[in-house]
Structures are given as structure tokens and as C-alpha cells.
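Colleague: The chain contents come next:
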Amino acid sequence: MKLKQSIERIMNAVFFICGMVSIAAVALITIYMVWAGLPAIIKIGPVDFLLGTEWKSTASEPSFGILPFILTSVWGMVGALIIGVPVGVLTAVFLAKLAPPKLAALVRPAVELLAGIPSVVYGLIGMIVLVPAVMKAFDLKSGSCLLSAILVLAIMVLPNIISVSETALRAVPPEYEEASLGLGATWIETVFKVSVPAARSGIVAGIVLGAGRAVGEAMAVMMVAGNVANMPGLFKSVRFLTTAVASEMSYAADGSLQKQALFSIGLVLFVFIMLINWLLNTFLKRGEKQ
Amino acid sequence: MKMKRFMAMAIACVMAAGLVACGGSESTATTSTAGSTTASTAEETTADLSGAVATGGSTSVEKVIGALSEAFMEANPGVDVTYDPTGSSAGVTGAADGTLDIGLSSRALKEEEISKGLKETTFALDGIAIVVNTENTVEDLSLEQIAKLATGEITNWSEVGGPDAPVVLIGREAGSGTRDGFESIVGVEDKCAYEQELTSTGAVLAGVAANPNAFGYVSLASVDDTVKMVTVDGVAASEETVKDGSYKIQRPFVFATKEGEELSAQAQAFYDFALSEDAAELIAAAGAVPMV
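Which chain is which? The protein sequence lines are A and B, in order.
Counted from 1, the first sequence has number 436 at position 155 by the numbering used here; the numbering is strictly sequential.
Counted from 1, the second sequence has number 119 at position 93 by the numbering used here; the numbering is strictly sequential.
Please keep in mind that the hints were generated in silico from the structure rather than gathered at the bench.
Treat the hints with care, as some may be off.
Stated by the list, open to error - Over 10 Å on every C-beta distance to chain B, these chain A residues come out as not near it, computed from the model:
#, residue
1, K283
2, K324
3, G326
4, L379
5, I469
To be verified - The list that follows gives simulated cross-link-like pairs (lysine-lysine, DSS-like), each with its CA atoms no further than 30 Å apart:
#, chain 1, residue 1, chain 2, residue 2
6, B, K136, B, K89
7, A, K540, A, K417
8, A, K324, B, K254
9, B, K274, B, K254
10, A, K422, B, K269
11, B, K217, A, K417
12, A, K540, B, K217
13, B, K284, B, K136
14, A, K517, B, K254
The beta carbon of each residue, even a glycine, is placed where N, CA and C say it ideally should be.
Produce the complete structure using the sequences and hints provided.
Modeller: Below is the structure:
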């Protein structure tokens, strides 16, 4: 009896420690980001750093303004969601409610495969196929621009939105739909007026996940966006927050202001993703309570 | 269900195999074999050395010195060669005030630096090739034209004898040695109107190959036939034209040491190794032109 109790207690401790590992990781990362990111922000000045429009990290008179990166990341995410959300949610509706089982069995693995493709492959295909196509379609001198990045990100956020939304749609109790049908609504009316609102929180979770992926993606956008620190424009070469860190990190000398500023960009990105999660969650879920 | 899983796995395997095939980098393979052969020859000649060799300076030289010190330390396990990439001027200053055994510079020493009692020894040359898309009809550019193309003063290829098409400059990210080299030799520091800033030589080559309007700069050793190299002031870039000085877009990689003062045994051994024929292959593999 005593042995049983002590095993119980030990196992409890094991589970507790496992739970603590992820919390400790989050706490350590947060502390480190603040510790590594703050010095440069203080040195440069928060206003100059966040609202400065010129980034010249290695010039003889360097300037460290990251507003172009912030705005590019915002536009990149918004653009990807404008394309990705309608396509993703409607695909989820199709898979969960409308598709004949055989067709769904074909589409679903394709979506899962889409999620498994490494981002560098998206970048490679974007660079070789999409960038020249954008260049030709819009008669630009170079196809590496914000639009190309948005198109790549839109494809990349699809699997997140589709799989989470589909699960939520499937979890809607059939009684809701049966009641709607019983009142004389058509199946399409039922899906969009009953099932989708009922699955709202799941769909929101999918969109938040997608937004996080769009903001956090570095490799694929680095290969198609051109990486010049311009203020964002649909057909301009742009640099995202993520690529700003990734592209200069390898050559920045230890202890230099440039390297510290890159950590500061990381901190801004970190805060930025937290804010987006929080905003989207509160904004999109508010309707639920009404 | 089983069939589907099998298919998925088969697809994954094919993709993985493709990736491995693409990723197999030739340069690392040659570096490592070169490293081991030189290591074995050096082992026979050098006695048991130990201690530290402090080097530092130009960020552009880091890759070459990295390859050299790796091979050197493999042959002399007791020696620890460090490299601190702080910039050419800092490297030269370090050698002058004795904080570094050897200072590394990617430019010739200035008069006032030599007057501080420093000696310069060029151990390698760095040639930077100007490449354009294969569809571009431009064959030759002068240094001045290259500078104007880079700063955006010339915006159409027809102004330099090419087709009627806009000019797109594809370059490297801030901090890159090739970028620093190109901008300082052509005289366009911090003034370049980049359309794309990419993080590797391969990406620049791919970008230029994909865009008929593009031109870019890459280190000489990495040019392949996916792009077209233009001649500069009538001289084609090659190992010979870089060595004899007729190709303009080049710079020396220089050791700065104190004149008339002896290096420590291990620093002298490293210095000799870097200038020896054993090191030539390593220097070439790292993208520079060796002197011997």
C-alpha cells in the first residue's frame, strides 16, 4: 500500500517536471530576449529605433531604424491572411461538410503534405517559378517583391488554417445541423449559418496559428522578397523582421551595436507575435459572447 | 489506407533523396581532403609546437584564415589559432600595438601604418567578378560605368551598349566581405541602389541567372556558366589577370607584422604555412587566389 502511494507521488513529480520544462523554456527565452535586446534599444533610443525609416547597419555613419521591417511584416501577414483565410476556411468547409468521401480522401492528404514541406522548399520554388512569373505578369524589372512574399506566405498558412478549422467543423454537434435542416434550411444555408458560427473559436485558432506562421517565417520570404530595407510597397523589394535578423546575423561582429540591434529586432518580433495572438484572439472571439 | 501511407513515404523518400543530392556541397568535400593531405605533410616538417596564435582583422579574410588555421591546428594539436573579425583597420592596429601576433587586412597598408613599424606580406588575392544574365549583350564595362550602374545613376542597359532594359543590382547583405570589397574598390560605399540583397554567393548567381535585367558581383572562384562574366576595362577576370594586376576589381589579403621583431615560434610556423604551397589549395578552396 505504501509502495503504491510512493510510486503515485513519484509519478506526480515526474509529470510536474515535464510540465515545468516548457514553462522554463518560455521563461528563459523571454528573459534572454529582453536582456539581449534592450541595450541596443536604449543606446539607439526607442523612438529612433522603432520609428526610424533608415537601416544602414554597416555604413560609416550607421542608422538603425526598423519601421520598414515592422510595416513589411504587418503587410506581409495581412496580405497572406487576405488570400489564405477565405481559401483555407472554404477548403475546410468543403472537406468537413460538402466533399464526397472519396474526394475528401484525396484532398486531405494533399493538405497534410503541404504542411510537411520544409519552408526552404517553398522559398526555392518561389524563387525559381513565382518570382519570374510575377516579374512577367506585372512587367516589373525584378520579381523579388512584397507581392511574391505574400503569395508564398498565403500558401504556407493554408494547412494551419485548414486542418484546425476542419477539426472544429467536424466537432459541431449534428443535432444543430439536423434542427436547421428540420426547419427547412438548405444544406449550404445550414453550413454557413449554423456549423461555421458554432465552430468559430476553432476557426479563429486556425487563423491565429496561420498569422503566427506568416509573421515568423524567415527562410521562404528571404528567398523571394529581395531583402532590401525599403519602406513596404507591393512591388518593392522589402525586408521582414525575421529576415532582417537572419540575413545579417552571420557577419555581425560580437559585441557590436549591429549585433545588439539584431537581438533588439528579435525582441520586437517576439513582442509583435504576442500582440498579434492577443489581438486576434480578443477581436475575433468577441462575437462569440453576443 | 496502407497503400496511401506507402505512397506518402515513397514521395517523402524521393524528396529527401533529391535534397541530399542537391545539398552535397563540393567545396566542403575538397576542403576536408585538402586539409588532411596538408596536415600529413606539415606534420613531418614541424616540431612539437604549442601555445596560442592571436590573429584578427578583416571580416573578408575570415573564411580563408578559418580554412588555414583549421588545417594548421590539425597538424599542430598543441597550437590554438584564434581569429577576431574586427575589420582591417583594427587588425592592423592590433599588430602595431602587439595585442595580435598577426594582423589581417583586406587592403594594402597605408603609409602611416607602415611608418608605425609594420611590414606587409600579401598571401592571397581576392578577385571579384561582375556577372550579368546570359541574355544581356553587354560584354565590357569600365570601372566608372560599373559605379554608375551600382549607384543607380545609369538605370537602363542601353546607356552602356546593352539592350533597352532596366538595370537591377543584385548584391550581398551588409557585413559580407564580397560586398565590402566590391563597394570599396568601385568606390560606391553605402551608395548602392540594391534591388536584392541575398545572403550567399549561390543565391546571387541564381538571382542573376533568373533575371535578364540583373547584374551582380561574386568572388571569382564561384562563377559558373549559368551567368555571363563581363570584362572590366577590357580585361577578363581570371586567376592570371588577378595575379598580374591587370584585372581591376581585386584586392590583396595582407599579413601585417612588426618589422624587425621576431614572431613566436608557433606564429612564425603559421605564417610560413600560410605562404607555403600546401596552403595554396586551401586558399583557392576558400575562394581567393593564392600567391604561389
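Colleague: Could you run down the list of hints and mark each one as holding or not?
Modeller: Quick rundown of the hints versus the structure:
no., hint, verdict
1, K283, "holds (47 Å)"
2, K324, "holds (18 Å)"
3, G326, "holds (21 Å)"
4, L379, "holds (22 Å)"
5, I469, "holds (30 Å)"
6, B:K136 <-> B:K89, "holds (24 Å)"
7, A:K540 <-> A:K417, "violated (38 Å)"
8, A:K324 <-> B:K254, "violated (45 Å)"
9, B:K274 <-> B:K254, "holds (18 Å)"
10, A:K422 <-> B:K269, "violated (36 Å)"
11, B:K217 <-> A:K417, "holds (28 Å)"
12, A:K540 <-> B:K217, "holds (22 Å)"
13, B:K284 <-> B:K136, "holds (14 Å)"
14, A:K517 <-> B:K254, "holds (26 Å)"
The structure is inconsistent with the numbered hints 7, 8 and 10, although it conforms to all the rest.
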